[in-house]
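*Asks:* In case you want the letters, here they are:
2 protein chains.
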Amino acid sequence: MLKAVLEDTSLYQPGLSIDCVIFGFHDNQLKVLLIKTKYSEKWALPGGFVPVDEDIDQAAVTVLNNRTGVKGIFLRQFATFGCAKRNDSDFSSIVLDFYGIPKEKGEWYTNRFVTVGYYALVDFSQIIPQQVGKNETVEWIDHHAVPELILDHKEILDKALETLRMELNLMPVGYNLLPEKFTIPELQRLYETILGKKLDRRNFLRKITAIGILVKLDEKKSNVAHKAPNLYSFDKQKYQEVVKNGLNQGW
Amino acid sequence: MLKAVLEDTSLYQPGLSIDCVIFGFHDNQLKVLLIKTKYSEKWALPGGFVPVDEDIDQAAVTVLNNRTGVKGIFLRQFATFGCAKRNDSDFSSIVLDFYGIPKEKGEWYTNRFVTVGYYALVDFSQIIPQQVGKNETVEWIDHHAVPELILDHKEILDKALETLRMELNLMPVGYNLLPEKFTIPELQRLYETILGKKLDRRNFLRKITAIGILVKLDEKKSNVAHKAPNLYSFDKQKYQEVVKNGLNQGW
Chain D
1 MLKAVLEDTS LYQPGLSIDC VIFGFHDNQL KVLLIKTKYS EKWALPGGFV PVDEDIDQAA
61 VTVLNNRTGV KGIFLRQFAT FGCAKRNDSD FSSIVLDFYG IPKEKGEWYT NRFVTVGYYA
121 LVDFSQIIPQ QVGKNETVEW IDHHAVPELI LDHKEILDKA LETLRMELNL MPVGYNLLPE
181 KFTIPELQRL YETILGKKLD RRNFLRKITA IGILVKLDEK KSNVAHKAPN LYSFDKQKYQ
241 EVVKNGLNQG W
Chain H
1 MLKAVLEDTS LYQPGLSIDC VIFGFHDNQL KVLLIKTKYS EKWALPGGFV PVDEDIDQAA
61 VTVLNNRTGV KGIFLRQFAT FGCAKRNDSD FSSIVLDFYG IPKEKGEWYT NRFVTVGYYA
121 LVDFSQIIPQ QVGKNETVEW IDHHAVPELI LDHKEILDKA LETLRMELNL MPVGYNLLPE
181 KFTIPELQRL YETILGKKLD RRNFLRKITA IGILVKLDEK KSNVAHKAPN LYSFDKQKYQ
241 EVVKNGLNQG W
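So the sequence lines, in the order shown, correspond to chains D and H.
Counting in full-length UniProt numbering, the first sequence runs from 1 upward without gaps.
Counting in full-length UniProt numbering, the second sequence runs from 1 upward without gaps.
Heads up, a few of these hints could be off.
As the list claims (entries may be wrong) - The following label-pair restraints were derived from C-beta to C-beta distances: (1) H:222 to D:73: 58 to 66 Å; (2) H:101 to D:236: 51 to 59 Å; (3) D:73 to H:210: 30 to 38 Å; (4) D:41 to H:40: 49 to 57 Å; (5) D:211 to H:74: 27 to 35 Å.
What the hints contain is simulated information worked out from the structure, not anything from laboratory work.
Note that this is a predicted model, so its numbers are computed, not measured.
We put the CB at the ideal spot given by N, CA and C, even for glycine.
Using the sequences and the hints given, assemble the complete structure.
*Replies:* Shown next as structure tokens:
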């Protein structure tokens, strides 16, 4: 990617990048998609540059598609990071050295980059992480075990998780992350995993049903010894409405 | 500003700007600070460029300070706007013509700009809008009567208001916008003005007191004929905690 960019920097927006925090949930685990390149010991968020003739949102979609191999994933811009010294580290020089790019030609790359952060939440069991360059490893890493990241990528990751947690108060999650039929305890564990804390069973049941997006099915979970829990599914239309309009539990 | 920037564009981040949506509240009116320059019939949000050695947040603070003349105002980044064609209009050419800047020298300015949006909420009665260039008018305009704006500034303004309304569900507002001692109906009218809708009196009272940021004073409002309402003030420490940690009415 970098080499292609430096061959004709005029095709890319100067000083601007995209970074994607791709959260993966499955079976009560929250992971994040990270990349390790051969030119650094540190891991990084998947990201990219922005073609001058492309919307920034589209550039983010491209990063996500390239990395997950799937399309149509919900992606949300959450913050833009632009400290004066954010890429003032040795990192840029290391990358240029690795590719054998002389400093003066690499100036476009070593100037301050402002980066727009996007996050997505996907079912990691359904996605095979895609290697883009041959000099890199791409992996789902447990969010409790994130290694040292380049630049301010840890700050970007933390802010994305903070935003995701906050947005649980504004909209539902679960669609595409749970099986089509699920139990309330399964849904509760999704919320608990994202929030990183235990929730009271009764309160959760009361709040989640109040949103009005659940359909109680006339089935119970099988393979359960006794007291089989009820199965539910999402009312997709209502779910989409709530995502669009926000939880109406506010003022 | 533009002329100074074009004299040495290398001092500024290329293709990046800041736009500030400065909301002003006073006495049940919500206004927005807008600028009209002599080179266009349309109004604009106050904004600026970002020095290469300055954090984007600092550049936003500078715009806000320059426009309001006051410091220490709460300012929040809410979204970044980067459509491929966002400043592809005649507007840029008009500006260059106005300053007599030849197109080739103005290329830095006519390339696509990505803009980072910030919003602030201030008491407009305490602020005298500051004219920065001599070719402009700067005014508080009622948010219901916003005239046609340049570029995508209307979209930026709408998104800021949407964010402010959403954030009422995440944190309190009122500090710096109401007198030190206020009544619950006054606070309710602040919320109603921002939300653009009437709220139920009992529900509002219940929810706002549940946040735990109000101190009921041992005084009643004077100059009121009968049934004088109680006066309240904010518990500043708790208020700051809730702003920091968010309303704990979530999961």
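*Asks:* Going back to the hint list, which numbers does this structure go against?
*Replies:* none
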